[in-house]
Amino acid sequence: MLSIKNLHAEIEGAPILRGINLEVGAGETHAIMGPNGSGKSTLASILAGREDYDITAGSVTYQGKDLLELAADERACEGIFLGFQYPVEIPGVSNLYMLRAALNARRAYHGEPEINAMDFMQLINDKVAHVNMNMDMVKRGVNEGFSGGEKKRNEVFQMLVLEPTLAILDETDSGLDIDALRIVANGINTLRSPERATILVTHYKRLLEHAKPDYVHVLAHGQIVQSGGPELADELEEKGYTAIEAEQETA
Amino acid sequence: MDQITPAMDYYLAEFTRVERNLPGADKIGEQRQDGLRAFTAHGFPTVREEDWKYTDLRPLSKHTFEISDQAAKLDADTLAACIPEALDAYRVVVVDGHFVADLSQLSGLPAGVHIGSFADYLNDNAKASIQHPLLDKQPGSLVAMNAAFVTDGVHVELQRNAVLDKPLHVITLASGSEDERMAQVRHRFELHENSQATIIEHYIGVGELAYFTNAVTEAVTHANAQLTRCRLQEESPRRGYHVSVLFAHQERDSRIYNHSFDLGGRLARIDTHTWLGGENTEIGLYGVFIGNDRQHIDNHTRVDHAIPHGTSREIFKGVLDGRSRGVFNGKIVIHQDAQKTDSEQSSDTLLLSKKAEIDAKPELEIYADDVIAAHGSTVGQLDEDAVHYLRSRGIDETGARAILTYSFARELVQMLNMEPLERYIESTLMTKLPGGELFANVV
Numbered sequence: 001m002l003s004i005k006n007l008h009a010e011i012e013g014a015p016i017l018r019g020i021n022l023e024v025g026a027g028e029t030h031a032i033m034g035p036n037g038s039g040k041s042t043l044a045s046i047l048a049g050r051e052d053y054d055i056t057a058g059s060v061t062y063q064g065k066d067l068l069e070l071a072a073d074e075r076a077c078e079g080i081f082l083g084f085q086y087p088v089e090i091p092g093v094s095n096l097y098m099l100r101a102a103l104n105a106r107r108a109y110h111g112e113p114e115i116n117a118m119d120f121m122q123l124i125n126d127k128v129a130h131v132n133m134n135m136d137m138v139k140r141g142v143n144e145g146f147s148g149g150e151k152k153r154n155e156v157f158q159m160l161v162l163e164p165t166l167a168i169l170d171e172t173d174s175g176l177d178i179d180a181l182r183i184v185a186n187g188i189n190t191l192r193s194p195e196r197a198t199i200l201v202t203h204y205k206r207l208l209e210h211a212k213p214d215y216v217h218v219l220a221h222g223q224i225v226q227s228g229g230p231e232l233a234d235e236l237e238e239k240g241y242t243a244i245e246a247e248q249e250t251a
Numbered sequence: 001m002d003q004i005t006p007a008m009d010y011y012l013a014e015f016t017r018v019e020r021n022l023p024g025a026d027k028i029g030e031q032r033q034d035g036l037r038a039f040t041a042h043g044f045p046t047v048r049e050e051d052w053k054y055t056d057l058r059p060l061s062k063h064t065f066e067i068s069d070q071a072a073k074l075d076a077d078t079l080a081a082c083i084p085e086a087l088d089a090y091r092v093v094v095v096d097g098h099f100v101a102d103l104s105q106l107s108g109l110p111a112g113v114h115i116g117s118f119a120d121y122l123n124d125n126a127k128a129s130i131q132h133p134l135l136d137k138q139p140g141s142l143v144a145m146n147a148a149f150v151t152d153g154v155h156v157e158l159q160r161n162a163v164l165d166k167p168l169h170v171i172t173l174a175s176g177s178e179d180e181r182m183a184q185v186r187h188r189f190e191l192h193e194n195s196q197a198t199i200i201e202h203y204i205g206v207g208e209l210a211y212f213t214n215a216v217t218e219a220v221t222h223a224n225a226q227l228t229r230c231r232l233q234e235e236s237p238r239r240g241y242h243v244s245v246l247f248a249h250q251e252r253d254s255r256i257y258n259h260s261f262d263l264g265g266r267l268a269r270i271d272t273h274t275w276l277g278g279e280n281t282e283i284g285l286y287g288v289f290i291g292n293d294r295q296h297i298d299n300h301t302r303v304d305h306a307i308p309h310g311t312s313r314e315i316f317k318g319v320l321d322g323r324s325r326g327v328f329n330g331k332i333v334i335h336q337d338a339q340k341t342d343s344e345q346s347s348d349t350l351l352l353s354k355k356a357e358i359d360a361k362p363e364l365e366i367y368a369d370d371v372i373a374a375h376g377s378t379v380g381q382l383d384e385d386a387v388h389y390l391r392s393r394g395i396d397e398t399g400a401r402a403i404l405t406y407s408f409a410r411e412l413v414q415m416l417n418m419e420p421l422e423r424y425i426e427s428t429l430m431t432k433l434p435g436g437e438l439f440a441n442v443v
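Chains F and A, in that order, give the protein sequences. Under the numbering used here, think of the first position of the first sequence as 1, with each following residue one higher. Under the numbering used here, think of the first position of the second sequence as 1, with each following residue one higher.
If you're looking for bench data, these hints aren't it; they were derived computationally from the structure. Only a predicted model underlies this, so the values are computations on that prediction, with no experimental measurement involved. Note that beta-carbon positions come from the ideal geometry of N, C-alpha and C, so glycine has one too. There's no promise every hint is true.
What the hints assert, rightly or not - Derived list of chain F stretches under chain A, where covered just means 3 residues or more per stretch with a C-beta under 8 angstroms from a C-beta of chain A: (1) 87–93; (2) 219–227.
Unchecked claim - Now the in silico label distances, taken between C-beta atoms and shown as ranges: (3) F:P15 <-> A:E397: 24 to 30 angstroms; (4) A:K340 <-> F:A14: 45 to 51 angstroms; (5) A:E178 <-> F:A117: 42 to 48 angstroms; (6) F:N134 <-> A:P139: 19 to 25 angstroms.
In isolation and in its complexed conformation, chain A is listed as follows (with noise of 0.2 angstroms):
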């Protein structure tokens, strides 16, 4: 602990630095305080603990990394190669930690949809608070530590019955300009019996400092509703530190489909922590992952099964290569009243290079007698038979192995099923593998 001391000092004198300006009142200073005595008594995590055995956050703890006042200017290009070709969609744009009304694009919602801002929800509401009452539990020192700091992020609530016509695009950009920043960003989605909505979580990363991104997603589905969340995470490899938890609460038959990429981050810490609460709740966690030279990926999940008739369905496929990192800790828990909890997980790696390497592990807890658990595990390298196969067909060397290694992980990207999404992906993907841009836009 020593070590960290230093940093935690700097920390607690950033926030007396910028307490005043930070959203909420009283109330909420006083969770804010909560979430400082957290992070500060326990510090960053260390390789010493189980959950970060395989990450290690030492580079990014020597950073002293400061609160924004306000978002960066950003000039009309850069916002514009983060959206989409064809996705007509909601947009919110958060920079530097601070949603940007003038940028964001919230005309025409329909009936029974709020879309705001995080801060303005903590300072206009009375009955505010940082973490929804129904994830009351939200462990680590990196979400105290968000707590503490949070000041903005995308609020969204559905009433009873409303659906979101066009999905939410949420842009999440650090500008990287003028000093190290970090951003300590809160998202929450609210969806109320039987209400419905499709939510992009869009990380991004710019400039030319090293910054950190703190995010945590609050997500609550009510009776019968729907969610479908894509993170999609495009960090700079060589400067962004990105940590991104996810904590969702779900009621009966309800439904949440979380689709994760991450394709970017110097070091990218995800973890996705899920209570299936109600009976015949379903959750889908599906993520692909992409590391090049010295990235680092680190992916928990945790799913509870907590009543009978839960489902969970969870596929993660990561692709390294260089001396790149992957991590998959995928727990599941079924406790004892979740009878007839039907789950399945797996998680396939692609090692693209002797230096790469991945920690995969599944951890399943079962006190339930009638259920199905299934897990299963791998990791190779590229079918060398099918690299010949295609480039008898003409296409060279480093363009098969492109077009074999995304079809590895194509399925998930097809999941999706947002086509302008999908394209975006799938092309940002490619331009990620050697030799692959060629071959981006052939489908």
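Pulled out of the complex, with its shape left as it was, chain F reads as follows (with noise of 0.2 angstroms):
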């Protein structure tokens, strides 16, 4: 489904993934960790279409298609969601208003009808109890006054309703309670498919405990320096990422 090659991307010519390889097939998970400063949300941000990177060299492909040839809309028009690190507040248009206007968009892209409204009601209720949210939420602005929690937890909301082909989460785990991470693990594990595939990044284990991967990647100085499957984030969270960046060094 996803296919990355030798991605090289830096910032005002400073360089930060450094040749990242990885495939990622149709119903598998996939972990990102690392240490700050790794390039993990580099990673993610480049993925779904941010234009703040020059990508230096490299390719990545989905479902046949040059990824960065696409704008950050037609990507999420092609089934490619990004939960947001910070999600960003936007007073005056509501979450409600906001997917409407998404689903519309992605269905006139596909040359589809729009949404109807009962239709949409529908849709809204039935995934909304998923992430025990409640509708005077989802009227307000998006992640209008919401709490931190709060917003990762509409993150996934938003990825509930819009289904993606191909959802990255970016950090949605970090500074969450126990019971929001069981809400947030619980959307994640609602829409793994065999069509489907997730990329998990993320700097803690425990999310992977909830919403276990099938691959873990370890990313460092912007290259992918270990891969395995989910015992090496055991392994990770055992020895520390300082560990692993030390024996990369030495190899």
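Both chains are given apart, each in its own frame, so use the hints to dock them into the complex.
This is the structure we're talking about:
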């Protein structure tokens, strides 16, 4: 589904990604872990179409298409979803308004008619229960006045409504208490299916206990330095990132 | 002044041409002469005057606008397009400065409510006067011009305890046909004790020719009365010159909520003078202005707190694109006796292009010592992180920008609390934003 080859990227001349290689197949869940500043969030942002970075080498292919040629909104319409590490507040644009506009944009992109109001509200009602949000929150401005945990739950709520083919969650688990973490993990698990794939970018292992990945990758200094199964997360927990980085340097 | 004299010669001649047809008996004629003298002595305001520093009327004064002796015929579609869907309202239609009874809808008015033509009021009422006695100081040479030439408008009077059960929708339309015309209209709303009304003043231009709408609205709210006024301006962005002045006088415990939406006009100048002349009066001045291309929109407000325990709330939001220019000058005067005044003012502007410009100036004069007077002003651009966020959900860039731009002004639309009108304004506003028409009906 997603094939990243030798991806190099920099921001204002400073290299951040130095040759990422990653293959994600349909039905798979990948976790990308790594210390702060390793390039995890940059990778997530680039996949979602953030334009602040210069891609200096490499390629990204998504479902046979050159992903880097597509604008952020086109990628979303093609089924990619990014759960933001720091979701923005947009006062004045309600969550409902945004989701309906987003669903309709997607439908227009695929030449389908707009969703009718009844079906839309039915969909919202179905999904809102999954993330323990209420309709008052949904009617409020996007993330307006939401706590950190509420913002992350709102990201998962949007993901459930938009039903992406490839979901990329950037530290959606950071700053959550155990209850909120379970809600987030539950949302991720709900979406799992043989046609979809998920990339979990995370700093902590705890999320992976509730949303078990098929593969774990360790990112350091802009490269994937180690890949393995879920057991790699345990190893990281035990040894810490510094050990991994040290191993990498001596290797 | 040299430049302006030929213009004044023209308007003196125009007055002579139309004088006999203007409404009102001798006494009104004298008031018109006073207005004409004041207007021609001063001429059109110039940028040398402090109040007009940012607004150059030379493009306006180059035209020779004529008073139209009758309303142009309107086809049904033109009028229908001006009426918000599902808005249940009484209706008055003023075309080219003339009240058109055929197009108006005033049947079933509640007891104690009078709604009629301002010309009829001037003609039929022995005590009539162009200026309401409680509003006898009306500065400004364009206001004097209006007093000289006024042809018509709507006259609303609510007796004690009367309540207007539905909003009154007053459409002031410039047909833009035949000649370059001016409409000198005057609306008066007088609400006696405990009465309540909602009035929508709606200005629209539809034709191909340049035109000038010079409107004066007088609002008097007696004790405990409440007026909600929505002024919705959709003049032609290329050919419409729009000047609108509100003079308001409030007696004790009365409320005026004034919502202003300037979505059109080649040049629009809006003056608001409100006098809080009784204890516990409240005024809300809310304004949205949207400019593009070379539009120029100038809002001047003045709130006079004369008596203790007055409250004023003022929020203005502007969105300027292209080479458009906006002006906000918000003056608040808290007189010496006006202790315990509570006033807040804010003006926020979104500049969507590098060539757009705003001059925003709060002006506070405070002569009392136990008051609250808060004010703030911001100028900014769209939040690019928010643009990206919406795009990452599938909304294209122009759509994301339109949605965010509208969201900036949305709070003031929702404050109207009249759904059909909110929807009308929302879709009109969205279609003015590039890419916005696709998202006009999403909510």
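Hints, one by one, checked against the model:
Note: the stretch 87–93 of chain F has 6 residues with beta-carbon separation from chain A under 8 angstroms; the three-residue rule is met and the coverage holds. By the rule of at least three residues with a Cβ nearer than 8 angstroms to a Cβ of chain A, the coverage given for the stretch 219–227 of chain F is violated, with 0 such residues. The supplied range of 24 to 30 angstroms is met by P15 of chain F and E397 of chain A, whose beta-carbon atoms lie about 28 angstroms from each other. Between K340 of chain A and A14 of chain F the Cβ separation comes to about 58 angstroms, which falls outside the hinted range of 45 to 51 angstroms.
In this structure the supplied range 42 to 48 angstroms holds for E178 of chain A paired with A117 of chain F, their Cβ-Cβ distance being about 46 angstroms. Distance hint check for N134 of chain F and P139 of chain A: the Cβ-Cβ separation is about 54 angstroms, which falls outside the suggested range of 19 to 25 angstroms.
In this structure, the hints that do not hold are numbers 2, 4, 6, in rising order.
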